[in-house]
Structures are given as C-alpha cells and as structure tokens.
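Chemist: Now for the letters of each chain:
Number of protein chains: 2
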Amino acid sequence: MRKIYLEDTPLHEAQVKFLQLFDLKPNVEMVPTTESLGRVTAQAIFANVSMPHFHASAMDGIAVKAEKTYSAHETNPLRLKLHVDYEVVDTGDPIPEPFNAVIMVEYLHQIDEETVEIIEPASPWKHIRQIGEDIVAGEMILPIYHKIRPVDQGALLAGGVLEVPVIAMPKVAIIPTGTEIVEPTLNLKPGDIIEFNGTVFASYVKEWGGKPIYKGIVIDDFNLIQQKVKEALEEADIVLMNAGSSAGREDFTSSVIASLGEVIVHGVATRPGKPVVLGKAYNGKPIIGVPGYPVSAYLALDWFLKPLMHQFLGLASPERRKIKVKLGRRIVSKMGAEDFIRLTLGKVNEQYVANPLSRSAGVTMSLVRADGLLRIPIQSQGYEQGEEVEVELYRSLEQIDRTIVFAGSHDLILDLLASAIRKQDSSYSLSSAHIGSLAGILAIRKGENHVAGTHLLDEKTGEYNLSYIEQYLSNTPVVLINLVYRQQGWIVQKGNPKQIQTIEDLTKEGIRYINRQRGAGTRILFDYLLKQVNLSPDDIYGYTREDFSHLSLAAAIKGGNADVGLGIYSAAKVLDLDFIPVAEERYDLIMTKEFYQSEAGQLLIQVITSDEFKSEVESMGGYSCRDTGKILYKNEVTGK
Amino acid sequence: MRKIYLEDTPLHEAQVKFLQLFDLKPNVEMVPTTESLGRVTAQAIFANVSMPHFHASAMDGIAVKAEKTYSAHETNPLRLKLHVDYEVVDTGDPIPEPFNAVIMVEYLHQIDEETVEIIEPASPWKHIRQIGEDIVAGEMILPIYHKIRPVDQGALLAGGVLEVPVIAMPKVAIIPTGTEIVEPTLNLKPGDIIEFNGTVFASYVKEWGGKPIYKGIVIDDFNLIQQKVKEALEEADIVLMNAGSSAGREDFTSSVIASLGEVIVHGVATRPGKPVVLGKAYNGKPIIGVPGYPVSAYLALDWFLKPLMHQFLGLASPERRKIKVKLGRRIVSKMGAEDFIRLTLGKVNEQYVANPLSRSAGVTMSLVRADGLLRIPIQSQGYEQGEEVEVELYRSLEQIDRTIVFAGSHDLILDLLASAIRKQDSSYSLSSAHIGSLAGILAIRKGENHVAGTHLLDEKTGEYNLSYIEQYLSNTPVVLINLVYRQQGWIVQKGNPKQIQTIEDLTKEGIRYINRQRGAGTRILFDYLLKQVNLSPDDIYGYTREDFSHLSLAAAIKGGNADVGLGIYSAAKVLDLDFIPVAEERYDLIMTKEFYQSEAGQLLIQVITSDEFKSEVESMGGYSCRDTGKILYKNEVTGK
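Chains U and Y supply the protein sequences, listed in that same order. When we follow full-length UniProt numbering, the leftmost residue of the first sequence carries the number 1, and every step to the right adds one. When we follow full-length UniProt numbering, the leftmost residue of the second sequence carries the number 1, and every step to the right adds one.
Here chain U stands alone, though its shape is the one from the complex (with noise of 0.2 Å):
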C-alpha cells in the first residue's frame, strides 16, 4: 500500500551528518556602512582614517602652550593673550599651532575680552585627545564573522570605513506542498488547510540573518514538485520542501530529492519532528524536506536550518539560556526517541516551576504559550512531578519573573484578564493552565501557581470554594477573592434542534452529552444537578466524554460530534450556539498570602477592580461583576 516506516536517526547523528556535507563558500558582497546593521563581516576590517584625524581639543577652553603657563600659581595669578597667548577652543576643535595643551573654561578668570587670567600651569598634551586616540589608522576595527552592531557602524565611520564586505546573505526558498492547503483566506473549505507555515518560515529566514523566497503552493504531484524544486535550486542557497516529508500516499518529498541528489537521512528519532528529510541536491546545495506539522515544522528548523544558515554566515548558532526548573506534573516518555516537551515556567515561591503544554505535534499554539522547552533523551522513560529538570528557555528570564502563573477553571474572561494587565503593566504577563478548579487548587497547596480559578460548590451548605480551602488548603496562607458571577446552561446547536431545556431532556434517546473533566466545577455542577433529580451517570449518553474547557466544549458541540454539554454562556455566545441558562454560580480567585501581597498581587487586584474590566466582562453577557474583586475570606495559617 505505502512504504510506512521512516529511519530512526539520532537527532545529534543527523545534525552532524548533514551539516558536515556544506563547506559553504559565501559570496561576499560590499555594502555602505550605513545599511549594515546586522550584517556579518566577511574578513577583518581595518581603519583607514584615524580618529580623531587631527589634533582635538577634549573640553571647552583655550589652547595654550603649557611651557608658558609653568609660572601661574595662586599667589602668581598668570595673565595670557588673545592670539598670542591662547586661542578660544570647543571641544573637538583642532588645536591650532603652536598650542600643545587646553585650559578648561570653569579655571579661567576673564579679565576683558582678550585677556584671561589662570592661576594653574597646564601640562602638556592636557586635555588634547591625540591623533589616533580612539582608533588609529591599520587598527582592526572589527574581526571576520563579527555580527554589526549599532556601536560598530558608528567605529567604522569613524574610522572611514565607508563601505564594508560582507557576507551575503543566504537565499532560502521556501515550497509549501500540498493538494489541500491554501493561500491564506477566510473562504474555507471543509478539508482545505490554512497555508502558514511558509510564513513562519521565511520569518525564520529573516531572523537568522537570510533572504526567504517564497515560491507559493504546489499541489501533491511529483513532476510539478520536482520542477519547483529544480527552478530553486537555481536560485536559491538552501531549498526548504514543506510538508510531504513523512511516507504516506502523497508523501513525495523523499523521492523528489533522491531524484533531484541524494537523500542524506529521512525520518529522526525525535517526538515530534520525526518526518524530516534532509538532502543535497546535484548542485550541492541543502535540502531540508520539513514536516507538515506545525511544531514538528518548527524543531526541525531549529534543528538544520538554523545551524546551518549560520555556518553558511561563519556564525556560531545561538544558543537559548537554560534553567533547571521543578515539574508540577509528571511526564511520561517512551524510550526510542528523544522527546520535546512544550512547557509554561513561572516563579512561585522563589521556584522555577514548569508544566507540559499539549504535546500534540499539531497545536500551534503550544508554540505561541510555550516559556521553554524540555529534551528528554532517548532512553529516558520521562520525569516525576518535583523533579527537577533543565529546560531551555524560550522567553527572557526577566519576563518569567514577572508571570503571573494562573491554574485552575477556564472561563474566556481569563483572556480579558490577560490582556488587561499587560495594558495596566506590560512588564508582567498571565500564564493560565485550564486544569480545572480542584487541580488548581491542590497545585496551589504544592506551590505550584499564584493564583487558582474555582467555582466549586459544597453541595451540603451551597456556599462556593469555602469547604474546599478549609480542606485542603488549611496550612497554605491563602486570600479568597471573588472574580464574577456567571451563568451555566446548557450548551446546544444554534436553533436548539434536539429541543433540550430541562436536565431530564438530557436522558432521551438520541441526545450525546459531553462532559468536562473529573475535578472541573462545571462537572461538580452537574453531578449536583444529577442528584437534584434523582439521575444518575448512567442516564446521560456521553457522561464520560471529557473536554477541558468550555470553548472547547462548545467547539465540539458546534462541529455536531456532541448535542449538548453544560457550560458558560460566552462560550455559546462567541462559537454563535444557544444556551439555555440553568444556574449562576461564584466564580472565585484564591491566590497565596505572599502573592497577594506582592507587586504582581496588588496589580491583579487593581485590574480586577477597575472599572474598566469590569465593564468589559459584563459587556461579554452572561457575567455579573457585582462582587469582584471582594475580599471574601483570608485564612489564618498558625506558625506563618
């Protein structure tokens, strides 16, 4: 049917394997010092000019001939000359013959216009910068292989170096294949697949110092791919193939570069990122055949593009600051590939503390979350929760610092809040994990977050979160703090087509419920709404069908896999779905004393209880902020 199985090629062996095949030899290109920021100097540039070029005076004064001022003494005030004795000097004036030292003005003592008196000898050459002070004529100014900065340009200039070789930057085409995707478009059909990935890539290309050439889409077609390719290998250094890399029907990447030159390695052992295939064309030029998958597109460009471009530039490649980090869950990994673990950090108690992001190889946005990333090697079968680990960081340590590290319920108003701080602050951000209320609030009994959303009902006193803070939260110094009130209902297909309105609806033949997932509040609603009329979990088609948070609840409502599910009515609202209300409930903050008190703490309060917020969460429907920001409980911890 189809040839199924790839290589298993240690990512380390396939770097050096490939990268070892390209001595590139760079051309060299001249260009005007003032447009080369950035650019890599192609052999070490020396000053043509001194600087400065003539004898300058450093201060604003006079210019003197220090032998004549030996006499001036404070009991001996001196008294010198216009024209004769001294010259008026700014700084940066030439000093003019036969002066060899300048007198600052704050010691000068004027007596009419053309007469100063000093009461101190000057030495010679004082307060003159020399010819070639700064940087004297055959000085290297800057080795080979230096990346130019701003400082740099201006040293060049100075020393008239007007224009400088350089490395030419190195050309990447970039082929999108592929029947289904298309150029960017909100006319979707089902099947078609938003093209983006060539727009990373050339942001990649621009980044590290390249030139993309973006070649458009190609469908899944041998010849064609093949004669795109043969066209960029013309024009091009290196020629990234994207998507078709892996062994499937129309996989045809492999063979269009055996075709084209020899494939070096097809497939690394790496999760994700394995479908990678990596050439050298007749003309012995790179290919790199990346995958499909958006993170695996991602790594594998970070594994081969990027040092190789930089070889091609006589760069070292960069390498990313690493931490040692402690889990806040457990990771688990099978042995036969190295692993490449998404994470989100934040500093909670003094303690860099990580937690695994989706390790799906095609959520994007576990990219765009991601603080870091964690390698786990081959043989390794992953990590417990507490242990500690080293993590390479994919955000400044400065702006993980300053991470306000959120846990616990999802609602869309975490988005509002997010962006309300960065707009109050934008030193600090919110990192929220959506893990539910009870994990948010145990993760911030184990010290792993700053802040828990919750909404849990004690079914016994219908009061909110209270009983759950005196239980497991009863050595942890914590505030509680009300967020806002929202309604829950039931969530169904716009025109409500099953005619769902009551809970018993939910048991008749035909209706698939949809779940969230065990310790989230909107189940222990549910449950509760269950017991109220003597149902049970048996009842309900799909109870143990389980989503993680409202939106994507309702996306799986609204994709007609599920006819109803309990959840908030902005998810309804924004996915354009019905909602039919069934309760309100309190939705509450509960964030350690420490944090509270902090700057990060008292910001979050200061946000929360804006006007603004407050008004742009009720404007989303569905919210009551008429307690928000409500100090509704402090705990008293004996011994802290």
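A portion of the hints provided could be inaccurate.
Treat identical chains as interchangeable: a pair holds within one or across any two.
Claimed, not checked - In silico DSSO-like cross-links for lysine-lysine, where the CA-CA straight-line distance does not exceed 27 Å:
| hint | residue 1 | residue 2 |
| --- | --- | --- |
| 1 | K147 | K211 |
| 2 | K147 | K324 |
| 3 | K593 | K634 |
| 4 | K347 | K147 |
| 5 | K306 | K147 |
| 6 | K230 | K334 |
| 7 | K460 | K423 |
| 8 | K347 | K593 |
| 9 | K324 | K347 |
| 10 | K211 | K171 |
For the record, the hints were derived by calculation from the structure and aren't laboratory data.
Got chain U sorted already, so can you dock chain Y onto it with the hints?
Modeler: For chain Y alone, kept in the frame of chain U given last:
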C-alpha cells in the same frame, strides 16, 4: 564668557521626571499578518476560525466507525470493505461521514485492493483532530502589547487572522548639529569630524522597533537648528538633537528646546553622559539633546530613548543580563556622579574576570570592545582589585565563555590572530588588553588571563622571557610557546627628516622621543640599548612621555608631536612612516597549563601553526615565523 555649569540631576530622577511626562497615545495600523514580524499588537487578538475547522485525520490510515470495530481481536480478525466500512485518509484529510475514528496504516493488513484486516478495535475519536483542537474560534491568540514572533504569525494565520492591528512604529527624527561635522568621507580637512552618531542612532531606533528619520547635518546656528527641530516636531514622534547639548559657546540645544517648549533636565550626574538635555515641545512631543561624544551619546540613548520608545510601544524596556565578576584592576571613582565603566570580560579558571577599558567618552572603540558595563553609584569611591562586582552584559555569556583572554605586550599580529581564530571556529573570539609584557605575566599569576604576550629581555643572559617566568610564575603551571620573531627599530617621519640612525642621534638638540610605558618589553629593550652605549634616560628628551601601543606611538609621530620612538616595523608600515631596524627580538606566548590543554588552547595552537597564519604574518614585513608554535618551556610545579 559662557554658561559653564550644568545641573547634576541623579540619573534615576532624570529618567522618572522625563518619562512620566509622556503618556503616549500611539497610533494603530493594520498590517497583513504575513508582514507583522516584530510588530506589537495594539489589542488582544482572537481567532476568527477554529483550527482545524473540520474533523481531520491525525494519521495516515483509514477512517472507520469505531462501534463497528469492537469485535476485532488477534484471535478474531475483522475484515473491512472500502467505501462501505472504511475510507482511506491521509494526515490532515477531513473525516468523511459517518466515520468517527482512524486506524493507522501500520495496523492494517491488506487482503486485497478493497479489503483490509484489523486485529484491534478503534475507540471513538481516536487519531482524529477534532474541530478546534489547536485553536477555537473566539479564543485569544495573543494578548495586547505582544511582540509578534514567527510562531505567532503561524497561529494568527491558522486562526484566520489575516490582518493584525499593531502599534505604529514610533518615528524618531535625528538632527546632527555642528559646523565641524561632515557626512562620511575620506577627504577630511583638519577640524572635520565625520558624522557617525546619526547612523548609530538610526540603527538603535530600528533595533528598538522605530522608524528613524535622518534630517541631515545643521551647522551651529540657533535659527537654522530651531527651524529644523520645528520641522522634525511636525513629522516625528520623538526628536533627537545631537551635540551642542553642553554649555559651550555654540551649544544651542538647550536654548532651542527652551524656545520650542520646556527644558526638563539639563545635565545628569553621570560620567560620561553628563551633558544631556531632556525637553518637552509645544506640541507635547519629547526632545532629547544627546551629547556629542559617542560613548555619552550611546549611554544617553540607552537611558532615555530606549525606555521612551518601549513605553510608546507598550513594551517593558528590556534589561540586560547581569553577572558577578572579579575586578582585574582597581577602579577609582570620584563621588558626586555615577561612573559607567566599559569592561572586557573573560572566564579564567572558572571565574569571570573583568578589566576596564578606556574611560574616555570619546573612545568609540571602548564600546566596540566592551563585553559589559559596570555602574558605580554616586556615593562610591570605586572598587579594589579582586573585588566582586555586578556588571551588565553586552555580549551573551555563551560568547564570553568562549573568549580567549589575552593580556600583555601589543603587536599588530594580535589582530590577525583574532581573525584567524574566528575563521577556524567562529564560536570563539580573542580579546586582547595591551598592558605590556610584565603586566601580562603578572595577570597570569593573578588568574586574570589565559595567555600573555611577552618579549622581555634578560639583560644578563640575552635570553627572552624565561627568567621572568622563573621569577614570577614559579607557582603557576605554564607553557611558553613562540609566536614570532620581530624587528624593532626607530619609527620616524617619512623621509627621516631628522636623520636618525643610531641611538646616539636621539640625544641631538630638538629630537623629541616618545617612549613606551613601564613594564613594556620595548621599553626594557630601549633601556638595554641605552646602557650598551652608556647613555642615561636623562639624555633623552621625552623619555618620560609614555604611550601604550606600537600603533598609538606611531600615530603620535605621524601627528608630529614626537620625532622618534622605538617600535615594530608593521606599525611604521601601516602608518606610512620610515623605519630604521635596531634589533630582532623574540615574542612569545605564555599560557596557563590548564588553558593549553583546553579546547580553546588547542585551537589557538592549531591556528598559529597553520601555514595560512604564518604566511599572513610574514607578508606584513618585519616578522619571522621560523619557530612559531614551538614549545620553548613547560614549568613543573610541585603539587599541581
């Protein structure tokens, strides 16, 4: 005569005073997502479509109805028919109705063209990417004030966001002023100063996300400058005036700003950087009067323009990484102003060591060479040698870790060596401090450098360097390796107008000698030459005038403020001076044993022993590489 005193506003106070004046309401513009790299979101961005927007196969395989596969078992294989029980799907394909699971191709046993056999059931939604798995329509992709990265572009396009509202790039007008400055040229008249700050400013404006508008040089004329600033205030968001910011005769910046608005601060308590003018124009726009000296200018931009532009863009102004380092030399500071000291950094014996560069505000090269910046508080008198201080990094720690730290005698071939090392392995660099042979040896003893360059003659034995190692490095394991033999001689004006041939000629009336600093090998050689002919330092006019390198000594002669000095042939040649040979001497490298055995040490040896390096050196003239790379001595240190 002139107003000569500026204010001494503490830097932090000046920053707060200035920045709080501008609550900038930035313009928003729409840009295509494909061109949004590096731009800053002007609002939170939400997905327009879900990704995927249909149920998609996550694998190559077949789509089936999960419920129909439940009976499949190893002992009871299940046969499925094409177009009845299954359809073939590739990764990314839509799942055809009514199927709800995918079985991977690896688990299929093909019976005939239309029939496959399976031995394991599929569970519902297995290997299907449900609608919105990556992004749900309505979900926030990016918060406000987020700098767009390549992956963000991918997520935006995937979420159907084809255009992004971003903050318009701040326009920054640059007005260089000064009658003496000229656009970059090689035809310099005495007094001409090449205008290079404008280029440096423009590049920083670009790096910080703005659009520079270069307004061209204006001569020192109040009305012309005022006119140009007015023009700039109309078209730009921020105006930079360069030079003229002090209080000299022709320093109009402050008065021009006062005439067009208000001067907020004139003079900050810093060294360098004091003459800054901060103002607010009649139309509310900020004007910065940037000092003329390049180092002062750079610091002023970093203190005021960088935070201002980031405030404009809604971003936190990025801070540089800080590390603790040991000071290789004592640094003295006068109280009353903060001192900003540029430093070179290196990692020697697992310890970061810092050495100050030139403190002159006019030395552009001190910025080019700087690895970091030390800030000395107003009330401090400085730091002792060996003291630990915190510095801000100008280069990455990774680059500093791979810097070979050279200190010792100056030679022009050190520039060649720096380039040759980068050519061989551009992840390494060489930083050299020209402190003289003896100081280089003492630095080795104190653990401040990896390599010292030395050519110290033992007058008794006529041998080079060895006796100095015995004297100073008896407790430090080192290796002595020859770098080169070189010609020392009299460097004189072109045509040798003073007719200098022998050392006795230096004692003639009207001959102005220029010497090297104490501890320099060349000075020791000169003393030795004097002794040989029974002359004393007192016989030489200018014996006490010291210069720190061959090149700057040659530049002093070129500039006419000395007639002769002892130096190497290459320095004379580079500056087109005449050279009268006096002696050939041996110039060696001393390296610590630890460095010698390291990867960096072996790289250095490999480079100097390469034919390419040796022929480059010899082609400069005045050098012989007959022993280059030869190990001359290794000391055995007990207990090491």
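Chemist: Does each hint fit the structure? Answer for all of them.
Modeler: Hint by hint, here is what the structure shows:
Proximity of K147 to K211 under the C-alpha cut-off of 27 Å is found in both arrangements, the shortest distances being 16 Å within a copy and 21 Å between copies. In this assembly of identical chains, K147 and K324 lie within 27 Å of each other by CA distance solely across copies; the values are 26 Å between and 30 Å within a copy. Only within a single protomer do K593 and K634 lie at most 27 Å apart by alpha-carbon distance; the minimum there is 8 Å, versus 62 Å between protomers. For a Cα distance limit of 27 Å, the shortest separation of K347 from K147 across copies, 22 Å, qualifies, whereas the shortest one inside one copy, 34 Å, does not.
Taking the shortest alpha-carbon separations for K306 and K147, both the intra-copy value of 16 Å and the inter-copy value of 21 Å come in at or below 27 Å. Taking the shortest Cα distances, K230 and K334 never come within 27 Å of each other, neither inside one copy (39 Å) nor across copies (67 Å). Neither within a single protomer nor between protomers do K460 and K423 lie at most 27 Å apart by alpha-carbon distance, with minima of 41 Å and 75 Å respectively. In this assembly of identical chains, the alpha carbons of K347 and K593 lie at most 27 Å apart only when taken from the same copy (15 Å versus 42 Å across copies).
In the homo-oligomer, the alpha carbons of K324 and K347 lie at most 27 Å apart both inside one protomer (11 Å) and across protomers (22 Å), since each shortest distance falls under that limit. Both within a single protomer and between protomers do K211 and K171 lie at most 27 Å apart by alpha-carbon distance, with minima of 5 Å and 26 Å respectively.
Violated hints, in rising order: 6, 7; the structure is consistent with all others.
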